[in-house]
Structure formats: structure tokens, C-alpha cells
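S.K.: The primary structure of each chain is shown beneath.
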Amino acid sequence: MSKKIKLIILIVAVFALAGVISYNYIMHGGERDLAAEKTDFSVTSAFITSEFLGDIDAANKKYLENAVAIKGKITALNGKEVILDEAIICSFKNQDLSIKKGQTVTVKGRIVGYDDLMGELKLDQCFIIKN
Amino acid sequence: MKKIIVLLVFIFLGNTIFAQKMMTRTGQIKFEASVPSFDPVAAVNNSVSAILDESNGEFAVLALVKAFKFKIPLMEEHFNENYMESSVYPKATFKGKILNFDASKTSASKKYDLEGDLTIHGVTKKIKTKIDVAPKDGKLYVSGDFVVKNQDFNIKIPSLVKSKVSEDVAISFDLVLDEK
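Those sequence lines, one after another, are chains A and B. Under the numbering used here, think of the first position of the first sequence as 6, with each following residue one higher. Under the numbering used here, think of the first position of the second sequence as 1025, with each following residue one higher.
With the rest of the complex left out, here is chain A (with noise of 0.2 Å):
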């Protein structure tokens, strides 16, 4: 093979390569993986609730986005959707078929924010670190 040839397949690989990343940036970048984050905080369900209807401006500077590891007693149960202590909404990432009604648990997932109409802290991608 000529020198010329290898060069242009180095080329066009280069470019592929970068055009790969640079897709795989655009579409998948900046993507949260809580599974591998730490956890900023460790609460119970009572004292984070209280926390927000305390101050609710300090509490969302506090928390808000961060992953938080909160414990509770699931009061329901619905699909991809856990209730700890009729208080905190938690959106699982993928729904936990080990979990039951009344057990004990502790959830891990992002703050998204407190819904003062329902009075319910939210989280998202959330699940189970503890039974």
C-alpha cells in the first residue's frame, strides 16, 4: 500500500472518531449518573419536609439538584412513582420490584424541587440504597 493511501484512511478515521465523540457529546453530554455520584446529604423524611417548610428559599439553595439520600416508610406504591411518608415524591429511574408497601427504606435520587400546592418535596431518578 502507498504511503498516500494509509494516509488518507488515517484521515477519514481521525474525522470519524471525531465525529462520534463529538455526536455522542451532543446528545449524551452532561448526563447525571447518581449511581456514581456521592451523596451531599443523608436525611430522614421528617427533617427534610420540616427543612422546607421551614425556609423554603435556604432549603432549595441547600438542596436543590443535589443527590440526597433520604429514609422514609414507602405509603405508596405506584409503578415507577414511591411515596415516602405521604411527603416525598420519588421518581425511580427503573422501577424496584423488592420494594413493598410500609417497608422501611432509604431512597437515593435528585432534589427537583418542593411543590407547595401539594406540600410534596420531589425527586427524580431515584432508588433504593438500603431496605
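Check the hints yourself; a few may be wrong.
Below, a sample of chain B positions facing chain A; criterion: calculated Cβ distance under 8 Å [claimed, not checked]:
#1 1071
#2 1086
#3 1088
#4 1111
Calculated lysine-lysine pairs in the BS3-like style (CA-CA distance at most 25 Å, straight line) [unchecked claim]:
#5 A:67 with B:1093
#6 B:1163 with B:1119
#7 A:85 with B:1095
#8 B:1134 with B:1150
#9 B:1150 with B:1119
#10 B:1186 with A:78
#11 A:8 with A:43
#12 A:66 with B:1180
#13 A:98 with B:1093
#14 A:85 with A:43
#15 B:1093 with A:85
#16 A:135 with A:105
#17 A:105 with B:1204
#18 A:43 with A:9
#19 A:85 with A:135
#20 B:1204 with A:106
#21 B:1121 with B:1152
#22 B:1204 with B:1045
#23 B:1149 with B:1054
#24 A:135 with A:98
#25 B:1154 with B:1054
#26 B:1134 with B:1163
#27 B:1135 with B:1154
#28 A:98 with A:85
#29 B:1121 with B:1163
#30 B:1135 with B:1054
#31 A:135 with A:78
#32 B:1054 with A:85
#33 B:1152 with B:1134
#34 A:43 with B:1093
#35 B:1121 with B:1054
#36 B:1186 with B:1149
#37 A:98 with A:67
#38 B:1135 with B:1119
#39 B:1163 with A:85
#40 A:98 with B:1095
If you're looking for bench data, these hints aren't it; they were derived computationally from the structure. Yeah, the Cβ is synthetic: ideal placement off N, Cα and C, and Gly gets one too.
Use these hints to put chain B onto chain A, whose structure you have.
M.R.: Leaving out everything else, chain B in the frame of chain A:
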């Protein structure tokens, strides 16, 4: 004893008949600010809360901004950090009234006027729009759509991406209200 039972039955019956608050926490709001031939700028929120007081038509809706999901994570990041500033303004709300709402008359799908205050990005604006209210199996299906302008809510789109994001944002909502 009999009287007490009758009384109790009436109290419970009364409660179910006059239960006037209809609500949801899994309502859906979609918005789109796409420009033809560019990447679609669209997101959906499936955890919208809403409460309707059937006795007077008072209607309140709340959507957490961070719960809007985009197809492209980077777009979601820019939406939250640069445009909506969702750490400072974590929620978008509507508080208003369905005009001339009469729960007893909603036996079939009906159009109503909805009027009230829409708060996005910390800015409150009066809006008026038409909504559909359809009862089915004891639930109320409330839906509608309207258009807002970014500048009305002080949302600044940098000139660099101005050609890719529409100034008019089409918002649609689908709420299935149920007694709690």
C-alpha cells in the same frame, strides 16, 4: 343507635357527594420553541400538580422547572442554567379561575375560558385561554394549549442561538383530575 348510624351514613355520603377538590400530581405539560430545520427545542414534564375547586372553578397548577425533560441533556442544562435559572426560580405556577364553571353541567366535553396569573421565571403575567373539560369515570380531563413569548417572562435567548430557538413558545397541558 339507629339514628346515629343513619347520621353517620349521611355524613359519609355527604363527603363523597360534596368532595369538591379534584387534583393530580402526575399531570403533563409540554412546550415547544422549535425553529424549522433546527434541532427540536421541546420538553415534557410528567409530574405537574393541579387542584381544581369544583364549587367555584378556582384552578391552581404547579410545575417544577427541573422536572422538564429534554431529549438532549445539554439542552436541558442550558434551559435550567441559562434561560430559566431554575435554581433561583424552581417552579412555574398558574393561579386562576375557570369562568362559569359548573360541575353539575359537565356531563360531556365542554370548552371553558380560563383566566388567571401565570408565573414563570419569577415574572407574573395575566393570561386568558380556552380549555377543554371532559368528565370520564369520575375523573376530569382538563386540557388546552396557549402561546407565550420569552421576553414577556424576561427570558433572554443569547443572540448566538437566537435563530435556533423560537421567541414564541407553544405550551400544552393534559391534566387528569381525580378525587384524592
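S.K.: Determine for every hint whether it applies to the structure shown.
M.R.: Going through the hints against the structure:
no.: 1; hint: 1071; verdict: 6 Å, holds
no.: 2; hint: 1086; verdict: 4 Å, holds
no.: 3; hint: 1088; verdict: 4 Å, holds
no.: 4; hint: 1111; verdict: 5 Å, holds
no.: 5; hint: A:67 with B:1093; verdict: 23 Å, holds
no.: 6; hint: B:1163 with B:1119; verdict: 21 Å, holds
no.: 7; hint: A:85 with B:1095; verdict: 20 Å, holds
no.: 8; hint: B:1134 with B:1150; verdict: 23 Å, holds
no.: 9; hint: B:1150 with B:1119; verdict: 10 Å, holds
no.: 10; hint: B:1186 with A:78; verdict: 47 Å, violated
no.: 11; hint: A:8 with A:43; verdict: 50 Å, violated
no.: 12; hint: A:66 with B:1180; verdict: 23 Å, holds
no.: 13; hint: A:98 with B:1093; verdict: 13 Å, holds
no.: 14; hint: A:85 with A:43; verdict: 23 Å, holds
no.: 15; hint: B:1093 with A:85; verdict: 16 Å, holds
no.: 16; hint: A:135 with A:105; verdict: 13 Å, holds
no.: 17; hint: A:105 with B:1204; verdict: 21 Å, holds
no.: 18; hint: A:43 with A:9; verdict: 50 Å, violated
no.: 19; hint: A:85 with A:135; verdict: 17 Å, holds
no.: 20; hint: B:1204 with A:106; verdict: 18 Å, holds
no.: 21; hint: B:1121 with B:1152; verdict: 10 Å, holds
no.: 22; hint: B:1204 with B:1045; verdict: 8 Å, holds
no.: 23; hint: B:1149 with B:1054; verdict: 19 Å, holds
no.: 24; hint: A:135 with A:98; verdict: 16 Å, holds
no.: 25; hint: B:1154 with B:1054; verdict: 17 Å, holds
no.: 26; hint: B:1134 with B:1163; verdict: 14 Å, holds
no.: 27; hint: B:1135 with B:1154; verdict: 7 Å, holds
no.: 28; hint: A:98 with A:85; verdict: 7 Å, holds
no.: 29; hint: B:1121 with B:1163; verdict: 19 Å, holds
no.: 30; hint: B:1135 with B:1054; verdict: 20 Å, holds
no.: 31; hint: A:135 with A:78; verdict: 12 Å, holds
no.: 32; hint: B:1054 with A:85; verdict: 20 Å, holds
no.: 33; hint: B:1152 with B:1134; verdict: 17 Å, holds
no.: 34; hint: A:43 with B:1093; verdict: 23 Å, holds
no.: 35; hint: B:1121 with B:1054; verdict: 21 Å, holds
no.: 36; hint: B:1186 with B:1149; verdict: 23 Å, holds
no.: 37; hint: A:98 with A:67; verdict: 23 Å, holds
no.: 38; hint: B:1135 with B:1119; verdict: 19 Å, holds
no.: 39; hint: B:1163 with A:85; verdict: 22 Å, holds
no.: 40; hint: A:98 with B:1095; verdict: 16 Å, holds
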